[in-house]
Structure formats: structure tokens, C-alpha cells
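Chains W and Z supply the protein sequences, listed in that same order. Using the working numbering, read the first sequence as starting at 1 and increasing by one per residue. Using the working numbering, read the second sequence as starting at 1 and increasing by one per residue.
These are calculated hints, taken from the structure and not from any lab test. From a predicted model like this one, the values you see are computed outputs, not experimental measurements. Any given hint could turn out to be false.
Identical chains blur together in the list; that is why a pair holds if it fits in one copy or across any two.
What the hints assert, rightly or not - With a straight-line Cα cutoff of 16 Å, these simulated EDC-like cross-link-like pairs (lysine to aspartate or glutamate) come out:
#, residue 1, residue 2
1, Lys-550, Glu-374
2, Lys-550, Glu-523
3, Lys-550, Glu-527
4, Lys-544, Glu-374
5, Lys-221, Asp-82
6, Lys-550, Glu-471
7, Lys-217, Glu-144
8, Lys-530, Asp-541
9, Lys-407, Glu-365
Protein chains: 2
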Amino acid sequence: MSKYTIGIDFGTLSGRAVIVDVADGREIAAATYEYANAVMDDRLPDGTPLGPDWALQDPADYLQVLETTIPKVIAEAGVRADDVIGIAIDFTACTMLPTTDDGTPLCFLDEWSSNPHAWVKLWKHHAAQPEANEINRIAAERGEDFLARYGGKISSEWMLAKCWQILDEAPDVYENADRLLEAADWVIWQLTGNERRNSCTAGYKAVWSKADGYPNKEFLKALAPGLANLVEEKLSTDIYPLGVNAGGLVPEWAGQLGLKEGTAVAVANVDAHVAVPACTVVEPGKMVMIMGTSICHMVCGTESKIVPGMCGVVEDGILPGLFGFEAGQSAVGDIFAWFVENCLPASYEREAQARGISVHVLLTEKAAKLTPGESGLLALDWWNGNRSVLVDTDLTGVLLGMTLTTKPEEIYRALIEATAYGTATIVNTFAANGVPIDEIYCCGGLAAKNAMLMQIYADVTGRPMRISASEQTPALGSAMHAAVAAGKAAGGYDTIQDAAAKMARVKEEQYFPIAENQAIYAELLAEYTKLHDYFGRGENDVMKRLKGIKERAHHEKVAR
Amino acid sequence: MSKYTIGIDFGTLSGRAVIVDVADGREIAAATYEYANAVMDDRLPDGTPLGPDWALQDPADYLQVLETTIPKVIAEAGVRADDVIGIAIDFTACTMLPTTDDGTPLCFLDEWSSNPHAWVKLWKHHAAQPEANEINRIAAERGEDFLARYGGKISSEWMLAKCWQILDEAPDVYENADRLLEAADWVIWQLTGNERRNSCTAGYKAVWSKADGYPNKEFLKALAPGLANLVEEKLSTDIYPLGVNAGGLVPEWAGQLGLKEGTAVAVANVDAHVAVPACTVVEPGKMVMIMGTSICHMVCGTESKIVPGMCGVVEDGILPGLFGFEAGQSAVGDIFAWFVENCLPASYEREAQARGISVHVLLTEKAAKLTPGESGLLALDWWNGNRSVLVDTDLTGVLLGMTLTTKPEEIYRALIEATAYGTATIVNTFAANGVPIDEIYCCGGLAAKNAMLMQIYADVTGRPMRISASEQTPALGSAMHAAVAAGKAAGGYDTIQDAAAKMARVKEEQYFPIAENQAIYAELLAEYTKLHDYFGRGENDVMKRLKGIKERAHHEKVAR
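Work the whole structure out from these sequences, hints included.
Written out as C-alpha cells, the structure reads:
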């Protein structure tokens, strides 16, 4: 009798569930729920305005994902509840919220629902940059060891900066938040009744390590006296490794979802990290990239290494027994979407409509006719700041080389190339710092959809590129972890390696670097690097000064 | 009995005639002819392909302007041929062509019509950059005095580089060109039967001066032995001051145009320079800007001064008795047009259509709601290179500061602001080098149409701005010169000052700098200057290297 697991991937705009045959990883059925409140970056549902750089979500949307997609995939797959041996989730991170001690989000309570700080701060909420700057300044001043594990900088996207922003701007919310936790761990708490936090988000986003735990109380106190007891009072020191069973499904959820009470529920994982074994990668030297609105880069090594600007190195953070390294580009597909929404001329839209194709397909078709270097354009891919290797959200985009004959498809290709240079910068930084990368495995929408983009990435990085066979790689990875949480005895697996050997696959097609393209892109990458360092390493901080002027102009306008 | 003159302004895409009452400058009637072959930058009418950076025109279009617009304005004005006392023209420059010794353009002859070099090289033909580079290198090496009169650099747009390109690439065309001359002078030749070249194009475009004549034979020989006799064989040393009668209208043209045989025809003028007195400006300290696809800046001074990157200083070049200084921005309106054609999203086009307004009006309306600095964007306005103060056609555009929330109107405004920074750079360079500028007088389509743009220019330059009352300022300026060519005895005037006093006017409305905007724009201009110098003065020649890679890519693609 076949056994099944369900993996649920909580993305930036939607949640996707997939039900998988544990024997071979075959995806039997899938379902998606688009978050009703999507990303709130302008105002709350009740109209309360948000400041610049805010990005919130509604936890009710996460529950809707469970309620709508799980029954749907079970029904569609036509499997019995008895044969579903486990479920697991993965999530964007750090995506965090304040709750009461019974796990109720503060934003669900009338008292707090108009306070932006009571809602979920999405990973790309960037308004905690002042706090992040102070964290980095004080940590450097005190010589805190943990800094080196995070490329020398703690991001404004992470747990500590976001918690501190709440304390700074809404001390009453902070006071009344019994728990501050990842939305990922909150969902598991809902399903199991247990607040069991996972080692991946703790390690990569909350500056926790297996060896040293969290930053100590003296450091937190040095940030702000009110933060001194953050760890004991609002976080948790009970951190569980990936693949562990967080406890069985509680009766109410079992009933609602049509699953058996007590079904194994794995501790949560991060959407990116869970994809590594789902791409078949269970060894060092193979980088996995999740290519979507942003890119997350993961690679494992046998030793801890200090790599400038990486997002983190966490022991057992991706695969047991290895040091997991993470890096990232904070906007990739988002830049292409921005371009199509804000810069695509009507004539192109009409041409795509007339031919019944998407504008991205049309642009890609036109851009693919260009050869490397032919546009004369060069961009810096910093529309949403730079995560790796500069760790600076105040950097902004650049496009250079325009003439009166520059065409939209040339700009589109230049933007794609810029994101490839961004990846190459990360790959080369790892390689130069003792973390070799021989091959790149990709998953996510961009990898599956755009052959031109994949060839550009192969040419620019000089590495062969493979693509996950699954179109729901993170969800499949979660389903694999669900099988591990269930264990071999229940029809699953005892290790993620065993699960990967049976359940994961990559496509036949590969992209190999083409020598003549590589030569031209090496020249262009050198130009990118020169501008990257000029604008990104302090020689000309024009982007920060422009942001400062922009903020002043914004404040003065509002004040008038 | 009223007397009339006709001024004809030959622009980049069309020719416009206006018939004017000599007594008060009142424009009685106007007519426009759009050039059938417009700007050829891709191929000749017979399909012969053109290289990158080429821009040609068809001299037949110029004749069509005369044939269609002059009879039309006479008919519309209902005046008698006897009362039209003079005609004059102004033209883009350096816009030059090869002809036989009877003035027949080589491109009119079957033998040559498929050779791109036989056609008119438009002012913005930029393919003679290699020749310009050599001219500058050799002139600097030899310590040629004339260099200083032209801001230290001879442009690829000018006569010498264009002549040399013909010799380099089409020696047979060069050989068979009995004359190489400005299209402006060619039209006068057609109308009068006399090849009488004007001092304005000779001075600003052919490196001629009243005191020293052309560059000498040794210099020309040092460029290329074949160029040694350029002046004697193909140019002319008979140079006539502005406002002089080039000879009466020949019978054939008089018949065709419906004018009297022998009607005074002034020597040609440049479209920009002719506008200065038409804006009422006949004294130092007042800059005149012609604001259209590009901007031409003119100001007079009492002494010759060396101003870095100016296009030229010519004694009597604009107004008799003064030194006329010229500077320029090689793309302004062209950049906004590029943006609208290549970057304007369909939703904006639909909104403009639904409201029955042009997309420029829509964008301006949205951009006007922004305050200075609010977009966080900064651009370098080098889509067509930089004429002043860097004199480098190989520079390209930059846009910096984009985020995922950047809107089209923010980019549009940033492009307008960038062109204002370009003007401020020119104004400040003149002022710093002994040519004071107290007020700015504007004419051209942009000045008349866009109040937001005018306010931005006032705020950025810190100078009050006035606008010509005429919508055909260059044509009016030509009509004024026609009145001078006719002379007082015939019902005209003896000097351009007298003509300006009676015939020229500016609008009542003025734009004054707003102190709080000025303060923010001073900060932004400082950022512009930093990037301007970084990319434009050799610190990072990325634009040139990208152009080199682009050319290689282009060649390799064609070779395949």
C-alpha cells in the first residue's frame, strides 16, 4: 500500500501544497491559495497607513492556505487519511509576528489590530534598518564573535532587528507580545499545539548556533535595556533539528483537514533550505539556487568558513553533518516584474496580446536574439538593496549605457544579466574563501521557465546548471522532511539522504557555459565589479545620500 | 504700405516658413513641411544599410520645404510679391553634403545615389568619431591655437571630421565632390546662384575665424595627405557676415515661389544662433537656449575667453561687435521622446487616450506632483553623448536610484532634471571662466509647452527664465535677418539691433528660482557633478569600454 506525505510551501504571495508518493517522490496533486491580503506595503486592511519600506502580512492567510489546499490535494489525489503519514511546511524567513502565550497573533485582537507592529513582518520588511545599523555597530564595537558567521553584518530583515523595531516604535506591542516568533514556527504551533522552533530559522535568522546559542544578555542589554530578556521572555531556547516530528496533528486540525489525529508534523523549515535535498543535493560543492522574486543560494561545506557577505553559516542548518552556507540576492524576478509593470511600452503589450503570449515570453524572444555585449548596457541589480555580498538594503538600482536607440528588450536582457553578475559575485566569493562550487542546481519559477536566463547564468558563472524536475521543489522538500518526521517504521525514511535518494530528481537538460560568451561576460563582469565596488563599498555613497534626500522630501511633503 | 519678409527654419525633421510684418514682427502666416525621408539612420531609400551612429538626410527634402511652404504662406497672408522684400533661412549645423561644381548633390546622380557618403550628413551623424579623435590628438600634439577656441576639442559632428570620414571611407566620393558645404549654404546657392558661405557655420563648425581663417595646410596634411588641399579645393574662403544679401532670387525660383526676381536673400544662418536677436537679446550676460530635441546655448561677451568644453567662440558669430559663445546638450527632448517610445507602460498610454491628452502632458501632470528629490533618482543625460562641457560622443546615459516602487513619472522627471543639471553645468562653467550669465531666454517647443520643466530649469540653474513670444523663433530670426539683407532703403533695417527692437518680443510670464527647491537641487547637482566627473573625465571609462564591446559584438554578429 502506497504511503503519502504533504508538503506546504508558504511563499511571498501564496501558499502551495503538494501530496507526494513517499516511494518515488511522484507529485500526485497540488493546490495553491493566493493570500487575500498579499503583501501590505501601503496600508493595513483598515486603512492605517504604513511607512516607507514596510511589508506586512496577515496570519489569517496562512491558515487559509492549510484549510483550502490540504483537503483539496487529498481529495484530488484520492488517497485515504490513513495513508498520509506526515505533513511538513516551509516558509519565507525571517517572517515574524508577535503572539500571546497561547499563540494568538496580536493582530487578531481588536485592541491591537490597528497597530502595524501587531501584524506579521514579512521577510522583505526593510523598515528596521536603523536598528540593524545599531546592531552591527555595537556588535563590532564589542567584538561579538557571531558577526563573522553572518558575513560581518546582521540584516535588517532578521529577527533581532525586527524585534527591536517593535520595542522602539511600539513598546506596548512589545510588552504585550508573550512570544515573538517565525510565522513558520507559529503554523507548526497551530497544527500541533507545541511551540517547537526549528534550527534553520533560529540559525540563519535569529543568530542562534548549536555551539553558542543566541547572542548573550549583555549584548542585548547594550542594544537597549528593554531587550535584555528577549531570549528568555519572547524567544525559545528549545530548538529542534530539521526532520524532527514536532508532535502529532491536533484533533481540531485533523478534523478540519481530513487527516488522521496524530499524523506526524515536522518542525518547520525555510522555503529555500528545504529545496536543497529536493534538488538531489546532499553533498558539498553543489550550490542550490531558488530562483524566483529573489534568489537564495545554498551550499554545504565540511568546515565552517568565514565568507564575506554571506547570510549565514549554520552547522546542520541545511543537511545534517555539514555546515550550511547561505547567501542571497534580494530582488531578481521582482526586478523583471517591475520592468514589465513600469517600463513596457504599449506596442509590446499589444504584440504579445495579438500573438497570445505573455509579455515575458515576448521580451525573452526578442532579448534572446541579442548576443552578449550587444546592447552596450550594464546594470547593478540593487532594486531591493543588496543582500550578498554587501548586506546593504540602502543600495539602489543602476542602469548605464543607454542611447537614443536602446530598445526595451535590451534593457530587459541587461537586467537579467545584472542578476547573473550578482550570482557570479556570490559564487566567486564563496570559491575564494574556501567553499568550492562546481555545479549549480536550480529550482523556482525563473529556472523552469526561461532557457535564455539559464544559459546567461551558465555563461556568466562559468558553471554547469541543472534544474529540479519538480515544479514545486520546496513543497517536495517539505514532503521529504514529512517522510523523515514520520520515520521508516511508519513507511517514511530515517534520514533526509535516504529520502533524497528515492524522492528527488533533476531534469535531463543541462546548461553548459559557452566559451565565447564566457569571454565577453568576463569583461562585462569586471565592469560590473568595478561599479559594484564604487557604489557599494563607500567610494561614492550617492545612493544613500539620495535615499536621505528622498526621505526628507517625503517627510516635508507629508508635513505640508 | 506694409513690407514683409519670409524666414525659413530648417529643423531636424521638418522645415517651417513664416511670413512676418517688418514693422512689428507680427507673424502673418506659417507653414511646415515634414521631410519625406526624415532622418535616415538605418538605411538609404534604396535599402542600402547604414552603419551604427550614422544619420543622413535627403537634400530633395530641403527643396520641397521651399516649394511647398513659401507659396503657402504668401497665399495665406494675402500679400503681394512686391511687398516681400527679403527671405532668409536658418538651418541645423553642421549638416553638410558633397556636390559637383554646379551645386548638384552627388546623391542626386545615379552613379552615386547608393553610396551613403553621397548624401547629407546630418548634425547628429556621429560616425566620424575616429576622425575627430585623430583631429584632436594631432592638433594637441602640434599645439594648434584654434583648439582653445573650441573648448579644447573639435566635435565629430563638425565639418572637418565629416569631410575626413568621406575621404577615409569613400575616397571616390571625396574625389568627385567639387564642393563640400553646409546644407544651409547649399540652399542659398540654389536660390541665388551664388555659393556664398556664412560666417556663423564657418566659425562654429568649420574652425574658421575672422582673424586666422581655416586650419592651415600643414595641419590638414598631417591629418592625411589627401586632405591637404581641402580648403582651396572643396571649401571656400569667401565668408560673408550674417545679414548680408547673398544676391537676389534667381528667376526660376522667383517664378516657382511666387516672389519677385532679385528679392534679397540673406546668407544662411544657424537655427540656434539666429534665435538670439529673435529673443530680444542683443547684449552680453543674457544666455539664449533653443530647447528642442537638443539644447543649444548661446551667450555674447565683450572679450574672447577660453571656456572648457564650449562648442566655440566666434567673433561676430552671433551679434556684430561681440564674441559669440556657443555650448550645447546633444539630446534633451530626444531623451524624453525615447522614454515615451520605449519605456511608457500601456496603462499610461490608455489613461492619456481616455482623457484625450498627450502622454507627455499626462507624465508631466504626474511628475509635477513630485517634489525635488522625492523620487530618489539621478540620471546622467548622455543618451546622445555629451557635447558641452565634455565634448565626447562616446558617453552614454545613466539612471541611478531605482527601487521596486519606482514609477514611470519619477523616471520622466529624473530625465528632465538631468537635462537641467546638464544646462547648469554649462552655465556654471561659463560663469567660472569670465562669461557672466544673469538671465536665461528660452525658445523652442520644450520651453513653450512645459511649465514644470521651465521651473525645474530655473530652480536648478538659479537664474530667472524668460520665453520667446514667438512659436517660430528661429524662423522669426531669419525673417529679421531678411529685413537686414533688404536694408532700410527697401523698407527693412540696417542693423540686426534695429530689427530686434521692432520685430522681437518675449512673453510676460517669467520663471524665478524658488529658494527651497534651489537648496535641494544644489545637493542633487553636486551628486550629478560627482558622477559626471567620474564617468566623463576618465576615472571610469566603462561607457567607452561597453561601446567597444558593443561594436565587436555587432561586427561578429554581422560576420556570422
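### Task
If any of the earlier hints don't hold here, list their numbers in rising order.
Hints 5, 6 contradicted; others consistent.
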